[in-house]
Structure formats: C-alpha cells, structure tokens
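For the protein sequence lines, the chains are A and B, in the order given.
For the numbering used here, add 766 to where a residue sits in the first sequence, where the first one is 1.
For the numbering used here, add 307 to where a residue sits in the second sequence, where the first one is 1.
Read the hints as simulated data drawn from the structure, not as lab findings.
All values derive from a computational prediction rather than experimental measurement.
Warning: the hint list may mix true and false statements.
As the list claims (entries may be wrong) - Below are the BS3-like pairs computed for lysine-lysine, each with C-alpha atoms no more than 27 Å apart in a straight line:
1) Lys-925/A x Lys-411/B
2) Lys-783/A x Lys-993/A
3) Lys-925/A x Lys-409/B
4) Lys-925/A x Lys-348/B
As the list claims (entries may be wrong) - Part of the chain A face toward chain B, derived, beta carbon under 8 Å:
5) Ala-845
6) Ser-849
7) Val-850
8) Glu-871
9) Val-876
10) His-893
11) Pro-956
12) Ile-959
C-beta atoms are modelled at their ideal positions from N, C-alpha and C, and glycine is treated no differently.
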Amino acid sequence: MRHLMSPLDFSTEELDKLFDLANDIEQNPSKYAHICDGKKLATCFYEPSTRTRLSFESAMLNLGGSVIGFSDAGSSSAAKGESVSDTIRVISCFADICAMRHPKEGAPMVAAEKSNIPVINAGDGGHQHPTQTLTDLLTIRSLKGRLDNFTIGLCGDLKFGRTVHSLIGALERYDNIHFIFISPNELRVPDYITDTLTEKGISFEECIRLEDVMGRLDLLYMTRVQKERFFNEEDYVRLKDFYILDKPKMALAKEDMLVLHPLPRVNEISVEVDDDPRAAYFKQVQYGVYVRMALILTLLELV
Amino acid sequence: MLNVGKIEEGFVLDHIEAGKSLEIYHLLQLDKLDCTVAIIKNARSDKQGRKDILKVECDIDMLNLDVLGFIDHKITVNVIKDGEIVDKLNLKLPAEIKNVVKCKNPRCITSIEQELPHIFVLADKEKEIYRCKYCEEKYNRK
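Work the whole structure out from these sequences, hints included.
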C-alpha cells in the first residue's frame, strides 16, 4: 500500500504514468465514471481549505465513488482531544482512501504510519502540498507537451511560498530547466534552495523586476506578495506593483508563454489578463481534478 | 596536573570537543545510571589543544553508542575490561535516532501529540545533517 506525502515520493517514470492516466481521464471521462463505484474517500480537513477539499471530492465523485469527512477540526473528534493516530485508525474502518489536511507539519505522515488505507497529504502547514505540485506539473506537461527544456520564472513571495519550493524540487529532476527567481530582496528564495541548485549544476538567476526577464520565459509561475511579509510599509508600497501582472507586461512575453498561479489570486494578476490565451491558471484548477482522479486510482490500485 | 585513576570495566570516551562533556553526560543519560563517572574538562591534547574526557564505570552493554555517534562520531571510545583497553570502537553517524533530541519546530505534529517519538533521520551524510522525520526541520547541533 502506498501513500503520498511528498511530490518526490514518485519517480519521474511513475509521474509520467500518472500524468498519462490523467490525460486519458481528460480525454475519456466516461471510461472512468464508475471505476470507483462503492469506494469511499474520507476528506479529513483539520483546517479549512475549500478549494483543495472540493477538488478531491469532485475527483472521487467523477470516478463514481462517494465522499465522507469533515472540513475543520472543530467539527471532528480532534476538538475532543483525539490524536491523529487514533482518528486515522477509525477512518480506516469507514473509508477506502483518505485525503488529510492538517495545520501541523508531518501530521499526514503520522496518519500514514497507522493507517490501513492509503493516505494523501492534502497540505500540512508550511511543509508540503504534493497534489498542488502534481497539478502544476500536469498542467505544464499537458499544455507544453514536456517537462524539460524550458525557462521558468517564479515570481513573488519565493521565501515563504511552499508551492514554489515544492515545484522547484520537482522540476530539478528534469533536464535543462533554467530557473529565474523574481522577487524583492526581502522575499528571495532561501539559500538552501539556491545552494542545492548550485551543487547539482542547475542553472538559475535572480532578479527583482519582472519586466527585465519577461521576454525570455517559457513559463511564469506567479505567487502572491503578502503585505504582512514586509518589515515596513514603505518597502511594500515600493515593490508591490512590480508583481502585478497586467497587459503591458504580458506584451513583453513570448506568444506561447504560460502563466500559472496556485490560486487564490488577490491582485497580483490583473483580471484583464484572464482572457489572454496564455493565462493557464483556471485550466490548472481543472488539471488539479484530473491529477487527483489519477492519484486516487493509482493508490487504490484500480488501474 | 590532575590525576584520575583507572577504571576496571566500562568506557573511556576520549577526544571529546572541549566543553561538550556535560552535554554528552546528559544525552547519554549518565545522570540516571548508578555508576561512577569522571568528567574531565579541558585536558591537554596534542591533536586538539584542549579536549574533554568521560570515564564511565559500568557494564559495557549499558551505553547507547548510536546516540554517541549522533552527538560526535569523532569521539574515541575505549572499551575497558579488567582495567585494560580491550577494544576501540569506531562511531558512525546513525541512520536514525529516536527520542534523543526533540524537534523544536512549533509547527511540527510532535509538538501537540505527546505520545509520538521524536525521530531524526540522517538526510545528508556528507554535511552530517539530520532532519525531523515528520516535518523535516533541520536539527541544529550548535
């Protein structure tokens, strides 16, 4: 029995199989509409996350299965002091697979150790959110046709953003990826990541202004710059507009560049960009459902 | 010059980094053992300048050498029987250590679930980096 704790749990070959399956689901949804008949997914969400939870639930319903669960710790036995280990033992009696989100880092791993059913980490604090990374990879592979040989710009909060760290870790395994980290000095990508890239001989550069590199990007991964990350208001005001993606900035980009964003977006991508064919962030949400369907089928060994 | 006598059976932990002997005393839980322990601080050393030495008179099965390997695998461990050195042990970095040090990450699941063991896994042998099994927080040796 396998679980998913980190995007690196799967080899690149296993990811290729998973993404092939996700693409087949996309092309032939009816073929998979009843494959999980009689199976139940438990969504154990100890903190609210409407988007991820609904994506998992939608994935299971699309496969013909059903869904049980809770959407915040207050409505679960955790409020009575039950441990994650005990909760998963109980859930194992009710469901066939579990997706768990928990504010504490490592909680899904504790669950996996005690579980009789596959456990998917649906986000554990600032640690991992593997299905977001799988979503990002599937989106890139589906729309670009490959996961190697491109220049990717990661823009915004590169210091605290776990989706960015996770995506860098996953893309490192593919050939000829050039990373461009676009952020204010206050939110630069952590040294341990750039040190690792240097050690592995993976090329990267860092810059502050998005406009300076826009024309060289094959992919742009946007994240939100949060005001509370800055030490003073002045720096925030000075830098925030660098990271609002709008039509003038898009005019500098290649015709086939893709814009990704893990969402929710606040104001870092102007709504005027939404109709641009290069804006892929809503397609990304749809790919999130396909990849979760493929993941459920793979972990339940139904394919 | 201070002289500490020989022990009949037990361990002499030599070449401990100067000033670290008390930390090792506690991590090996020697305070809980009913045995004779000599803590020698700042002894002269040709190799290190200054070093600490711990002499522990106990049954040789009583020490957890995995813990010692984690703390400092460069320490020399002399095994003593009948007053003589019968073995010199090479310490290795253990692949995993359990309940020796605690994860200090306040966001780690071990911070709220008291019954969970605190496990650190050797993540990088070259750089001697250990990470919490659950949250992957790096253990800071200093």
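Exercise. With 8 Å as the cut and Cβ atoms as the points, is Val-850/A at the interface with chain B?
Worked result: holds, 6 Å
Problem set entry | Satisfaction of the Ile-959/A interface hint, Cβ to chain B closer than 8 Å | violated, 13 Å
Problem set entry | Hinted contact Pro-956/A with chain B - closest CB pair below 8 Å | With a closest approach of 12 Å, the Pro-956/A hint is violated.
For this session: Given the hint that Lys-925/A pairs with Lys-348/B, test it: the Cα-Cα distance must not exceed 27 Å.
Result: violated, 43 Å
For this session: Quickly compare the C-alpha distance for Lys-783/A and Lys-993/A to 27 Å and report which way the hint goes.
Result: violated, 40 Å
Exercise. Any CB of chain B closer than 8 Å to the CB of Glu-871/A?
Worked result: holds, 4 Å
Exercise. Is the Cα-Cα distance between Lys-925/A and Lys-411/B 27 Å or less?
Worked result: The hint holds at about 20 Å.
Exercise. Per the CB criterion, is Ala-845/A less than 8 Å away from chain B?
Worked result: violated, 13 Å
Problem set entry | Val-876/A as an interface hint toward chain B, with CB separation required under 8 Å | holds, 5 Å
Exercise. Holds or violated: is there a CB of chain B closer than 8 Å to the CB of His-893/A?
Worked result: Result: holds, 6 Å to nearest chain B Cβ.
For this session: For the pair supplied as a hint, Lys-925/A and Lys-409/B, confirm whether the alpha-carbon distance does not exceed 27 Å.
Result: holds, 26 Å
For this session: With a cut-off of 8 Å on the beta carbons, see whether Ser-849/A makes it to chain B.
Result: Hint holds; Ser-849/A Cβ to chain B Cβ min 5 Å, cut 8 Å.
Of the numbered hints stated above, those contradicted by the structure are hints 2, 4, 5, 11 and 12, listed in ascending order.
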